[in-house]
Amino acid sequence: MLKKGFTLVELLAVIVILAVIALITTPIIIDSLNTSKKEAFKDSVNSLIKVTQNYYAGITYNDEGLLPVKITYNNKIPTAKGIDKSNNCKTISKNILDYQGDNPDSGSILITKEGKVIIALYNKNIQTCIQKGEDDKTAKFVDKPESECKITQNAC
Numbered sequence: 001m002l003k004k005g006f007t008l009v010e011l012l013a014v015i016v017i018l019a020v021i022a023l024i025t026t027p028i029i030i031d032s033l034n035t036s037k038k039e040a041f042k043d044s045v046n047s048l049i050k051v052t053q054n055y056y057a058g059i060t061y062n063d064e065g066l067l068p069v070k071i072t073y074n075n076k077i078p079t080a081k082g083i084d085k086s087n088n089c090k091t092i093s094k095n096i097l098d099y100q101g102d103n104p105d106s107g108s109i110l111i112t113k114e115g116k117v118i119i120a121l122y123n124k125n126i127q128t129c130i131q132k133g134e135d136d137k138t139a140k141f142v143d144k145p146e147s148e149c150k151i152t153q154n155a156c
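According to UniProt numbering, the sequence shown holds residues 1 to 156 in order.
Where hints are given, some of them may not hold.
[As the list claims (entries may be wrong)] Pairs of lysine-lysine residues, derived as BS3-like cross-links and limited to a Cα-Cα distance of at most 25 Å, are as follows:
| id | residue 1 | residue 2 |
| --- | --- | --- |
| 1 | Lys85 | Lys70 |
| 2 | Lys42 | Lys116 |
| 3 | Lys3 | Lys50 |
| 4 | Lys124 | Lys94 |
| 5 | Lys124 | Lys113 |
| 6 | Lys76 | Lys38 |
| 7 | Lys113 | Lys38 |
| 8 | Lys113 | Lys90 |
| 9 | Lys3 | Lys70 |
| 10 | Lys70 | Lys4 |
| 11 | Lys37 | Lys113 |
| 12 | Lys137 | Lys50 |
It is worth saying that the hints were derived from the structure and are not from the lab.
Build out the structure end to end from the sequences listed, making use of the hints.
Structure (structure tokens):
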């Protein structure tokens, strides 16, 4: 009698081989996705730094707006608080930065009177805090929970 097809043992062997391949490649793919999400967040923050520098240039040129100013994000909703040209503390509940990307989940951006940018922003999706000090050129990841990812200085 001629047998056509595979035996049960051969089918089980193929299934086991496929399962081993899946076990090996899944963590590699997940790690690669997480790394790309973190790098995308860092790129987004670095472009926010450029936008804040443009904001500072516009403020100093037009003599309008808030400076120093602290922009605080709470559930992606920005609130700006700073000193206006009459030297009064003012709060604005809208995004004062001309930024096309997705707002950070939480954290703050502080633009000093001298144009220095200080950042502490948190992304809940990848559970990562990124910070930039007054003299840093770019933002760096720091190992902090969301509750500690903040700027203590105030604009007013």
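Results for each hint:
{"no.": "1", "hint": "Lys85 <-> Lys70", "verdict": "15 Å, holds"}
{"no.": "2", "hint": "Lys42 <-> Lys116", "verdict": "19 Å, holds"}
{"no.": "3", "hint": "Lys3 <-> Lys50", "verdict": "70 Å, violated"}
{"no.": "4", "hint": "Lys124 <-> Lys94", "verdict": "21 Å, holds"}
{"no.": "5", "hint": "Lys124 <-> Lys113", "verdict": "30 Å, violated"}
{"no.": "6", "hint": "Lys76 <-> Lys38", "verdict": "17 Å, holds"}
{"no.": "7", "hint": "Lys113 <-> Lys38", "verdict": "30 Å, violated"}
{"no.": "8", "hint": "Lys113 <-> Lys90", "verdict": "15 Å, holds"}
{"no.": "9", "hint": "Lys3 <-> Lys70", "verdict": "77 Å, violated"}
{"no.": "10", "hint": "Lys70 <-> Lys4", "verdict": "74 Å, violated"}
{"no.": "11", "hint": "Lys37 <-> Lys113", "verdict": "33 Å, violated"}
{"no.": "12", "hint": "Lys137 <-> Lys50", "verdict": "11 Å, holds"}
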